[in-house]
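> Next come the chains, spelled out residue by residue.
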Amino acid sequence: MFDQFWTHLLLPVLYILAIVVPLILAVAMFVYWERKVIGWMHVRMGPNKIGPLGMLQAFADVVKLLIKEVILPTNSSKFLYYLAPMLALVPAFAAWAVVPFGEKMVLANVNAGVLYLLAMTSLGVYGIILAGWASNSRYALLGAMRSAAQVISYELAMGMSVVCVLVLTGSLNLTDIVHAQAGNKGFFDWYWLPLLPVFIIYFISGVAETNRAPFDVAEGESEIVAGFHVEYSGSAFAIFFLAEYASMILVSFLAAIFFMGGWLSPLQGWITADAPRWINWIWTGGFIWLFIKAFLFSFLFLWFRASFPRYRYDQIMRLGWKVFIPITIVWVFVAGLMKYYGWVTIGTGA
Amino acid sequence: MNPQLIQLIMFYAFGAVAVGAALAVITLRNSVHAVLSLVLTFFSVACIWLLAEAEFLAIALIVVYVGAVMVLFLFVVMMLDIKMEQVREGFARYLPVGIIVALVMLAEMIGMIGVRAMGLHVMGEDPAAAAGLSNTAWLGHALYTQFLLPFEIAAIILTVGIVAAVALTLRHRGGVRHQSAAEQVAVDPRTRMRIVKMASETMPTETVPPVAPSQETSP
Amino acid sequence: MLAEYWPVLLFIAVAIGLGIALLVIGLLAGTSRPTAEKLAPYECGFEAFEDARMKFDVRYYLIAILFIIFDLEIAFLFPWATVFSDLGVIALVEMGLFLLLLVIGFAYVWKKGALEWE
Amino acid sequence: MPTFNDFLILLPEAYLTVAACVILLMDAFLKGGQRVAIHWLSIIVLLVGAWLVIDGQPATAVSGFSGMFIRDPVAEILKVFSLLTTALMFIYSRGYLRDRNINEGEYYALTLFAVIGIMVLVSAGSLVTVYLGLELLTLSSYALVALNRDSKLSSEAAIKYFVLGALASGMLLYGMSMIYGATHSLDLATILHVQNVEWRNLMLFGVVFAIVGIGFKLGAAPFHMWIPDVYQGAPTAVTIFIGTAQKIAAFGMAYRLLDSGLGAYAHEWRMMLAVLAVLSLAIGNLLAIVQTNLKRLLAYSTISHMGFLLLGLVEANPAGYSAAMFYAISYALTSAAAFGIILAMSRAGFECEEIDDFKGLNQRSPWFAFLMMLVMFSLAGVPPLFGFFGKLLVLQSAIDAGFLWLAVVGAVFAIIGLYYYLRVVKVMYFDAPVEGTDVRAQPDMPLRFVLSLNALALLALGIAWGPLFAWCQRAFGITA
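Residue numbers (the working numbering), protein chains in the order written: chain G, 181 to 530; chain B, 30 to 248; chain Z, 891 to 1008; chain L, 711 to 1190.
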């Protein structure tokens, strides 16, 4: 009895915690890193008081948020008001269940992994709409409507670009997608090359999907204060915050998996030396590569925020519907032709 | 425990949630809560489909219904601000008749199907596994060979959906001034800006801007 | 196949648990000294006029409807992508017809100005 | 794997799809005066479509797409007449749409899509194609009914139509899933030949739900609730579509589902259809008497006509089917003319749909009064008009099949029905026109010409009904 209990319940939960806890820590460090990077780009110091180099700033913020008062605005719907942050958090975390971190390092190696990811991303919009509506505040409602329309628009572009990847791999399984990118040309075997426009669209859509700058009209301070979560405070706000940053990290990981060869090494095929394990991952690949790639992508989020002015709403909708969707539809066919004529083949490595 | 039994228990658990949530949809006072119950119903049904090894359809149900259709429902329900009291009057009036009809139908169905079904397997065998394919690939094979015609007709239906939605809802408000990003992007700098070359001035008091200011008026 | 989804379900449960835990910690550890002003919806210092829930531009509904249709299209593309290499050129033609119809619908929407955000 | 041959079978439908898309894009891209081209092109498209259907018709039934699509003589006749009545409708509707600022392009495109739905539906060889064809047809129809966005009545009608239609589709789908559960097949031909169905009760349940769905789509009592409101509320240019081509499609659907698929259960569904037929005859004819609005009157008259159509289906033999098909065609052509006259009499800001509006029409435009009289007589079944032979053949086949009591009921209600049709004629010829009104036909020459032709055809086909009926009989394999 205990045996089954262990293998079917406790062990998976331990694995899950092994993903969730580092993820939360990563979010905390990411917030610190964001403030630091943007500080440098503005020629400021960034946080530097708490802990060495200010590294404990994020933890101080967490403690502060948790002991702040959670305000329930008048005339708001209590149940929905508390449900909304949950609905934002759950999909942002649950999506991680199918993300492979390395060879056989995946919690649930499901066949329809990509579809599951799409499902989880599409659920994120509930948190936004409900938060806006439950708050009974004009700013929140306006922000929620804008944000929801924006998120669903970019979800289409995102879904279509993923389809391009699927055409080349022929599988919905994320591990298969990484394997398909393996080859002797290393860096140049990955899908960013044949799917370059789609790769760019995917990442920009990811930025828009997470409501990050320069697509953050949902919380354009100068117009609608803070958008859908203007009324939220304390731990309820912290949950939205956590969900947003977890989504950003997720988008970075997925961009690396779909287009940048996941945990594969860019040097694969270039070096074939025999070396001890702790050194040969540099050319045979390993989870460290995935983390490096994801780190670079998540850095782009911060760079965008520091560099670009905010888009206007009509420009955002135009970009999504009139530029991205047509390009991705065309590229689905281009990818089909590439596959049909054998210009891109399924990798044999790994 | 016997995996068959676990499957059966899961089936009834998800089934119970689905039925309970569906009941909540029609009884809840707050229409937003009702929509969320419907979401829960879809979710439970997706889990049941997953039990039946219909992996693709189960997740597609969540993507399409929960992720898209119910979002529209939520938009509509929230923004129309329906007064539930009026709707409920009719509900109470027709409730007895409705209950009787529902009970009769239930009894008939149990009589006709339920009793006969007792000797059945929990779930039928999985044709995808039998063919050695993933569920999605198996579905793809069926859809793009045998069921090609329905698939193309579905495209026509979707197009009709687009046309109908635009025809019925789109209204242009007159007198709205807006910028056209496409035109703005397509602007040729030579038509907007003139670069004037001129000799450097000697008198420091008289300042002339070296370049004519670019005009940023939008069409 | 079912076994693969068990951790997924567990993960969802853990995520729900995490959310509840955070909310409960916040509600317990946080102070609670509500006043009427504090609880008033934020409206730049004005008194809130009326119920904030208002009717919205029909454009938002239109975007949502278009989203449903294109989302369905993507749902059809997924199985197509997985069997594409097996079926070869005929799959390309089939999906070409399907997408062509939707592209015509898209062109219609575009030309009618439904994607303009005034 | 689909082959090129499959696509050849589908040629008329594929052609119409391309044409509908072209018209849709013309609507989006053409401006102002050029848009008149859409009107004429749509009519030409339909006529060419009818030609393609007849010209490419193979001698025997062929099927394509793994049996999902059947091209046989029955489908041929139904398609030709739905295309022709739709072309009539386009000719009649032009002025009406222009006067009411209804967007023409979408009207034509949606109607063409609906016609594609009809063509798929009447050619369906599988439950999936039945359902998709039906959905294509009804989805377009819902939008068409709501097309007059500034009219509250139109929106209300569309909502009623949509909710009840969706309910009916749900019922039908539910029935189909039971049939599938019992036979493990979606293919109608396979379902027909499944021996020893494991769960007969489940199958019967499916049959009942299928009948409910068919009853809804035909508008047969007691599933007729939507008909009067939709007929009245929809723009007349759309009502005419629901009253003509859709009825032909509903017959096609009933035939495909009941005979091609559930023929083995004819014994069971015949009785259900007989009940529906009697109820429709009674409710349609009795309620039509009290109507003052012509569109509502025509709605109740539709219900009664569907009763007659069901009389033909009840026999469940080729003779009955051919009589029912003949009836569906005669009804579609007659009601096309009836709505055509309403359209011709209406103008901007005035809907000529109250019976009082027709008072003294004979003094103002005797020709149109005459045409209206022909139409009313044909609807009532006065010899020697088209409608008379439709009724006669249906009653005849009912008697031949041993349903004497049904034939008697039909005849009695036909006589009751005479009353309200003759009332319209009486109003036109013997009443004085209402002071201050000026009801006369639009000066639209194509409309006047084609409408006259349509109404006179009722007389001509009444006198020479033989060839058409022989064609219908041949389609069902009866050689005279």
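Rather than coming from a laboratory, the hints here were simulated on the basis of the structure. Accuracy of the hints is not assured; some may be wrong.
Claimed, not checked - From the structure, some residues in chain L lie toward chain B, with a derived Cβ separation under 7 Å:
#1 PHE775
#2 SER776
#3 VAL838
#4 ASP897
#5 ALA899
#6 THR900
#7 ALA1167
#8 LEU1169
Claimed, not checked - For lysine-lysine, the following DSS-like pairs were computed, each having C-alpha atoms within a straight-line distance of at most 30 Å:
#9 LYS862/L to LYS741/L
#10 LYS1136/L to LYS1002/Z
#11 LYS216/G to LYS258/G
#12 LYS1001/Z to LYS741/L
#13 LYS502/G to LYS741/L
#14 LYS258/G to LYS248/G
#15 LYS1001/Z to LYS862/L
#16 LYS229/G to LYS248/G
#17 LYS216/G to LYS244/G
#18 LYS244/G to LYS229/G
#19 LYS502/G to LYS1002/Z
#20 LYS741/L to LYS1002/Z
#21 LYS1001/Z to LYS502/G
#22 LYS284/G to LYS365/G
#23 LYS862/L to LYS1002/Z
Glycine included, each C-beta is placed from N, C-alpha and C at the ideal position.
> For a quick check of understanding: which of the numbered hints are violated here, in increasing order?
The structure breaks hints 4, 5, 6, 7, 8, 10 and 11; every other hint is satisfied.
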